[in-house]
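Q: Heads up: the sequence shown begins at 13 in our numbering, then just goes up one per residue.
Careful: at least some of the hints might be erroneous.
Here are the computed distance ranges between Cβ atoms for each label pair [as the list claims (entries may be wrong)]: (1) Ala24 with His68: 23 to 29 Å; (2) Asn88 with Gln60: 24 to 30 Å; (3) Lys32 with Ser132: 26 to 32 Å; (4) Glu154 with Phe117: 55 to 61 Å; (5) Lys124 with Cys57: 36 to 42 Å; (6) Thr139 with Asn100: 47 to 53 Å.
Computed list of lysine-lysine pairs in DSSO-like fashion (alpha-carbon distance at most 27 Å, straight line) [stated by the list, open to error]: (7) Lys124 with Lys32; (8) Lys82 with Lys124; (9) Lys75 with Lys134; (10) Lys130 with Lys115; (11) Lys75 with Lys63; (12) Lys63 with Lys124; (13) Lys63 with Lys134; (14) Lys75 with Lys130; (15) Lys115 with Lys37; (16) Lys115 with Lys63; (17) Lys130 with Lys37; (18) Lys82 with Lys32; (19) Lys124 with Lys37; (20) Lys63 with Lys130; (21) Lys75 with Lys124; (22) Lys134 with Lys124; (23) Lys32 with Lys115; (24) Lys82 with Lys130.
Because the hints were derived from the structure by calculation, they are not lab data. Ideal placement from N, C-alpha and C gives every residue a C-beta, glycine not left out.
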Amino acid sequence: MLTLKNFDEQDAQASGLLGKMHNAKFIGVVTIMNHILPFLNRLSCTFQQGKVSFAHIQPTLEKCIDDLNKISQTENPITEFQSDLSPNCRLRQAELILSDRNKQFLRNFLAKYVSSLKESIKNRFPTLLSTFSIFNPAHVPERNDGLAAKPRRKCPPKIFNTAPPPLAGLGSVSESVPVVILHNVGVQATDDYAQLYHSVEEEVEETSKALDLPDLDAEDSDYGSDFEFL
Numbered sequence: 013m014l015t016l017k018n019f020d021e022q023d024a025q026a027s028g029l030l031g032k033m034h035n036a037k038f039i040g041v042v043t044i045m046n047h048i049l050p051f052l053n054r055l056s057c058t059f060q061q062g063k064v065s066f067a068h069i070q071p072t073l074e075k076c077i078d079d080l081n082k083i084s085q086t087e088n089p090i091t092e093f094q095s096d097l098s099p100n101c102r103l104r105q106a107e108l109i110l111s112d113r114n115k116q117f118l119r120n121f122l123a124k125y126v127s128s129l130k131e132s133i134k135n136r137f138p139t140l141l142s143t144f145s146i147f148n149p150a151h152v153p154e155r156n157d158g159l160a161a162k163p164r165r166k167c168p169p170k171i172f173n174t175a176p177p178p179l180a181g182l183g184s185v186s187e188s189v190p191v192v193i194l195h196n197v198g199v200q201a202t203d204d205y206a207q208l209y210h211s212v213e214e215e216v217e218e219t220s221k222a223l224d225l226p227d228l229d230a231e232d233s234d235y236g237s238d239f240e241f242l
């Protein structure tokens with residue numbers, strides 16, 4: 013301002029610029045923005061860091077909105093500007109007087125500017141917060157969540173071929189190849205194999221009796237000692 017005054021009579025551009033700036037409204041608006049912009053700059057720097065923590069985003073937004081509300085309620089920028097225009101203060105050489113009309117203009121500007129900023133913040137960041145929520149550790153499910161409620165799957169029927177070795181002669185009992193189908197074994201692959209073995213043994217024994225087959229362990233059995241489950 014003082015520099016423009018020195019060139020006021022020598023330079024037409026300086027004179028025109030001074031005429032636009034040398035009024036209480038312009039300097040008052042600059043004072044208001046000088047108080048508000050640091051909060052917005054702090055909010056912007058939060059997202060410009062190399063590493064952004066999801067836990068810091070929401071508190072930073074709330075802190076910025078709280079600071080804006082505080083400025084709007086206390087009107088500290090206007091009070092400070094009015095104080096700086098007093099004699100022996102920072103803007104005394106501006107030789108300006110803050111009239112009631114200009115003071116009301118600054119109050120309206122401060123309220124509308126803060127309201128616009130808060131609305132912009134609230135409209136812009138919910139989508140961003142929703143996107144960043146995938147990095148929120150609180151949303152990670154517990155290790156056992158959902159496992160207890162799942163019903164246990166039943167194993168499909170097990171088919172065991174009890175066919176005798178190919179060395180059995182014609183006319184022997186081995187010509188009929190019984191196939192044992194086990195239903196409702198009731199065990200998973202990771203269950204005790206002993207239970208499965210006993211279940212198979214019982215099914216084979218019952219099937220042998222139904223088909224009138226000789227005992228597998230008998231000495232005269234045609235199956236020999238090479239019988240095994242395939």
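Q: Indicate, hint by hint, whether the structure satisfies it.
A: Here is what the structure says about each hint:
1. Between Ala24 and His68, the C-beta spacing of about 52 Å breaks the proposed range 23 to 29 Å.
2. Evaluation of the 24 to 30 Å hint for Asn88 and Gln60 yields a pass: the beta carbon distance comes to about 27 Å.
3. Taken as a hint, the range 26 to 32 Å holds for the pair Lys32 and Ser132, whose Cβ atoms sit roughly 27 Å apart.
4. The hinted range of 55 to 61 Å is satisfied by Glu154 and Phe117, whose Cβ atoms lie roughly 58 Å apart.
5. Roughly 26 Å separates the CB atoms of Lys124 and Cys57, a value that falls outside the hinted 36 to 42 Å.
6. The hinted range of 47 to 53 Å is satisfied by Thr139 and Asn100, whose Cβ atoms lie roughly 51 Å apart.
7. Distance restraint check for Lys124 and Lys32: the Cα-Cα separation of roughly 23 Å lies within the 27 Å cut-off, and the hinted pair is therefore satisfied.
8. Of the supplied pair hints, the one linking Lys82 and Lys124 holds, its CA atoms being roughly 14 Å apart against a limit of 27 Å.
9. About 13 Å separates the Cα atoms of Lys75 and Lys134, which keeps this hinted pair within 27 Å; it holds.
10. Straight-line distance between C-alpha atoms of Lys130 and Lys115 comes to about 23 Å, which keeps the hinted pair within the 27 Å bound.
11. Distance check on the hinted pair: Lys75 and Lys63 sit about 20 Å apart at the alpha-carbon level, within 27 Å; holds.
12. Simply put, Lys63 and Lys124 have alpha-carbon atoms about 34 Å apart, too far for the 27 Å limit, and the pair is violated.
13. As the CA atoms of Lys63 and Lys134 are separated by approximately 23 Å, the hinted pair is consistent with the 27 Å bound.
14. Restraint check for Lys75 and Lys130: the C-alpha separation of about 12 Å stays at or below 27 Å, so the hint holds.
15. The straight-line distance between the Cα atoms of Lys115 and Lys37 is roughly 8 Å, inside the 27 Å bound, and the hint therefore holds.
16. In summary, the hint linking Lys115 to Lys63 is not supported, as the alpha carbons are separated by about 43 Å, beyond the 27 Å threshold.
17. Under the criterion of a C-alpha separation no larger than 27 Å, the hint pairing Lys130 with Lys37 is consistent with the structure, at around 23 Å.
18. Our distance criterion of 27 Å between C-alpha atoms is broken by Lys82 and Lys32, whose separation comes to about 30 Å.
19. With a C-alpha separation of about 15 Å, the suggested pair Lys124 and Lys37 falls inside the 27 Å cut-off, and the hint holds.
20. Distance restraint check for Lys63 and Lys130: the Cα-Cα separation of roughly 25 Å lies within the 27 Å cut-off, and the hinted pair is therefore satisfied.
21. The straight-line distance between the Cα atoms of Lys75 and Lys124 is roughly 19 Å, inside the 27 Å bound, and the hint therefore holds.
22. A C-alpha spacing of about 15 Å is found between Lys134 and Lys124, which places the hinted pair at or below 27 Å, so the restraint holds.
23. Restraint check for Lys32 and Lys115: satisfied, since their Cα atoms lie roughly 18 Å apart, inside the 27 Å limit.
24. In summary, the hint linking Lys82 to Lys130 is supported, as the alpha carbons are separated by about 12 Å, within the 27 Å threshold.
Hint check: violations occur at hints 1, 5, 12, 16 and 18; the rest are consistent with the structure.
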